[in-house]
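Peer 1: Protein sequence lines correspond, in order, to chains A and B.
Quick note, the first sequence lines up with residues 1 to 150 if you use the numbering used here.
Quick note, the second sequence lines up with residues 1 to 420 if you use the numbering used here.
Hints should not be assumed to be uniformly reliable.
Chain B regions said to be covered by chain A (calculated; three or more residues, Cβ under 8 Å) [what the hints assert, rightly or not]:
#1 351-363
#2 383-393
For the chain B half of the interface with chain A, some residues (derived, Cβ under 10 Å), not all of them [stated by the list, open to error]:
#3 R34
#4 P37
#5 G176
#6 P177
#7 D366
#8 K368
#9 H376
#10 Q380
#11 E414
#12 V418
#13 F419
For the record, the hints were derived by calculation from the structure and aren't laboratory data.
We put the beta carbon where it would ideally sit given N, CA and C, even for glycine.
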Amino acid sequence: MTGDLSELYQSLILDHNRAPRNFRVMEGANRHAEGYNPLCGDSLCVWLKLEGDKIADASFQGSGCAISKASASLMTTVVKGKTKEEAGEIFANFQRMVPGQAGATDNLPARLAVFAGVREYPARVKCASLPWHAMKAALEARETERVSTE
Amino acid sequence: MTATARVTGITGATTPFQVERARDEFPGLTARIRGYPLVYLDNAATSQRPRRVIEAISNFELTHAANVHRGVHTLSQEATAAYDEAREKVRGFINAEHGSEIIFTSGTTASLNLVAASYGRTILKSGDEILLTEMEHHSNLVPWQLLAEQTGAVVLALPVNDRGELEQESFARLIGPRTRIVALAHVSNVLGTVNPVREIADLAHARGAVVVVDGAQAVPHLPIDVQQLGCDFYAASAHKMYGPTGVGFLYGRLDLLEKMPPWQGGGGMIERVSFEGTTFAPPPARFEAGTPPISQAVGLGAAIDYLGALPADSLAQHEQSLLIYATEQVGRLPGIRLIGTAQDRVSVLSFVFEGVHPHDVGTVLDAKGVAVRAGHHCAQPLMRRFGVQGTVRASFGFYNLREEVDLLVEALGEVRRVFG
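Extracted from the complex, chain B is given alone in its bound form:
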């Protein structure tokens, strides 16, 4: 098949991306698995971390470890400065207007739950509608279902076409006067589809709904500008963008955050506490109860610095050329059906192997050192939409090589040999 994938924002010819040099930064990529060199194609689940991220975390733990805020001692002030600096880096990374619009969380899931529990619970009334899409990860589906149960709101889902794209026509049909929240993935974790967030945000705002974007799969691939996207909330995790696990962020428009109640109570989020009543700190502290993931936030800041220093255009071109090559090489194998052939997508390739369960494919690939994800990818409604039990998903980072696509294809040949 012809691959027509592209990434918006690539401008003109650039010098080739120095993949080997980038790979040297990632100690995790040197692993050997069952006697074979690791071929790591599970980047959509979590990416490997570059040495400078690992060193930033370890440096913080070795020489600056202290709790943030209210500390009068030097170490605590250093920790606070490092934590605040990380917040400023996230602000710059997504081009938010104010640092106070960035809330550190444990990850995308917590960020989305925060929006549902605080914003959603405050504004939704019985019969109001929450509009999702069929391609949502369970983390951008279940929190809204829980919210709907609590408030009597209704969850609706935009259909996905056979290529794995949303269609504006169905959006116009499903958005209505009761739509209060539109929540969608910027990029699908299964299909790689890049959704037209700006167009959807404009339509949603025209109807008075707010737009919540799950950016977990977008942040490692696309330049993010929340002001240009026009979204009201944007959630992401560090560990999918070459940072550590345990930390993520929520961007929220300041005027919305200022009106939102806390979602968790504890230290750090108050203004004044007494048994007669408590008043709360302004954002972002209002939404960061308890000791935050400090060293992880520092690690996220280091990941942002690292990504920022890479040549964005040639990196995107390299990822796209991997996707096109993989789509051609895997797509022409007999008995393979590609799931997700959107015009606009990132380097994620989902497929099913006729007659062989995805987990068996995954196990055979693992025996050859090739790490992929197999199963429903926490997107069961999407699996039903495509009439499959699950898929095999190979997801590429900028450090992947063309040769690794060849090794994937070779390992898929082994699946054929085992299962006939």
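Bound-form chain A, shown alone:
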């Protein structure tokens, strides 16, 4: 692999693409949102189970590229167990990190730093952020709402 490509397709991303975690429709979810990217036609659904203020469970399903699938997979592992507010903060930091804003990785869970390479491929930034937008919409109780990257 060229140095360039391995920055984007890091082994953690390839691993989550091959074997996505929490890739399932969730029974008993109380929040749900669909993310859609009209540019590529990719869509995915995110389910959350909120217990009080806490995200007790998170899952997703859908079709997409390696970046969006790995991003969704890692996202579910990161937000599980977090409070709504904590998840919202991670969302905001992730949104600043993928297009390459300086210092944005400082407050992010280390695993998510693998998406820093996306900044070299501007066409793919939306792939990484699509599942996060869906998660945010689910969190904000805009249930069954469809969020679009456009």
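Put chain B on the given structure of chain A with help from the hints.
Peer 2: Same frame as chain A, now just chain B:
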């Protein structure tokens, strides 16, 4: 697999096409991408422009820039003459009978919207039918859906077979007494399929329907003769045929254009204006409200001159040999499924890479300097027809080399290395 692609109209053996000489004309092809020489295989999205097109535009802007029509000063008269000359070149390029049958637009999309908004809205009644095909680009689908919503007409689509072809049997089944408009691509932007426009036009006319052809993907590859095709409308864009963006044209049969109302109002399209009422100019001016894309039209004229001077037969043979070679080389890679294997097609190759999303394929190829298009190609119904999310599309122009097919294949090997 055996490639059986061919282009109608190739006559006998010709001298090989001088690809390297043609490439010298295209400054855009010398770019380096991520450290690699550019392999430009996205010609169905937009082609590169030859130096003489760029120079024609820049020459117009440098020495003739003025608005067209009604100008009494010299520059305006020069601009008008250049604009009229470009229209005459388009007329000759598609062998229309009259120059007034050529309307300049911003591109194929605007041309098709013009037909829908002006012709369609005038003649369609509730329950009338518009017959499309499953392989249409959204630009030859959505305007008809909007029109159907406004008029109560119904949109129907001809199915596409597994090879990516239309079948006459289904046409006979779907065309009916209420069919008023048949709209189809001359060439599919995804499959490369060349559709039998003449046969369909004859059948449609026998039932009293008009035929609207989206020629965007045909103009860079095939000789176009609208009288031989027998279509009523023909739409195309300059930027897919080595001309600039921002300009395209609509051909319309004069007797139809003369009856059609304007679709946009403004300067240049009127005969006489008063607050009591306005009368409109005859075609084509009636359909060209506002200042047109003048320098772009001049650029389109230069592209037509450029194409006209190339040896058409050996050029077509070169494109076909690229298609056959690419079909063989890409088609035999493990895990690749070709989408679109029509008997009659142009140099467009769509495929899916098993287990890898088209956008990931596109990104890996880009890292090797290979520019392809990946995704649904604005043809979502066709993607559903083939049961795919999207495809990777390599589309070849006459300036592409066999070696570039090899580089594509090599880069596809990299996709396998990354994704396993």
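Peer 1: Double-check B/F419 for me: the hint is only fine if its C-beta lies closer than 10 Å to a C-beta in chain A.
Peer 2: Since chain A brings a Cβ to about 7 Å from B/F419, closer than 10 Å, the hint holds.
Peer 1: Do at least three Cβ atoms from the region 351-363 of chain B come closer than 8 Å to Cβ atoms of chain A?
Peer 2: holds (count 6)
Peer 1: Holds or violated: is there a CB of chain A closer than 10 Å to the CB of B/E414?
Peer 2: holds (8 Å)
Peer 1: Let's test the interface hint: is any C-beta of chain A closer than 10 Å to that of B/P177?
Peer 2: Not OK, violated: B/P177 not within 10 Å of chain A, min 36 Å.
Peer 1: Given B/R34 as an interface hint, is its Cβ closer than 10 Å to any Cβ of chain A?
Peer 2: holds (6 Å)
Peer 1: Under the criterion of a CB-CB separation shorter than 10 Å, is B/D366 in contact with chain A as hinted?
Peer 2: holds (8 Å)
Peer 1: Hint B/Q380 vs chain A: min CB-CB distance below 10 Å?
Peer 2: For B/Q380, the interface hint holds, since the closest Cβ of chain A sits about 6 Å away, which is under 10 Å.
Peer 1: Quick one: see if chain A covers the region 383-393 of chain B, three-plus residues with Cβ-Cβ under 8 Å.
Peer 2: holds (count 3)
Peer 1: Please check whether B/H376 passes as an interface residue: C-beta within 10 Å of a C-beta belonging to chain A.
Peer 2: holds (5 Å)
Peer 1: Hint check: is the beta carbon of B/G176 less than 10 Å from a beta carbon of chain A?
Peer 2: violated (32 Å)
Peer 1: Verify the interface restraint on B/K368: the C-beta must sit less than 10 Å from at least one C-beta of chain A.
Peer 2: holds (8 Å)
Peer 1: Do the numbers back the hint for B/V418, that is, is its least Cβ distance to chain A under 10 Å?
Peer 2: At about 5 Å, which falls below the 10 Å cut-off, the nearest Cβ of chain A leaves the hint on B/V418 intact, so it holds.
The structure is inconsistent with the numbered hints 4, 5, 6, although it conforms to all the rest.
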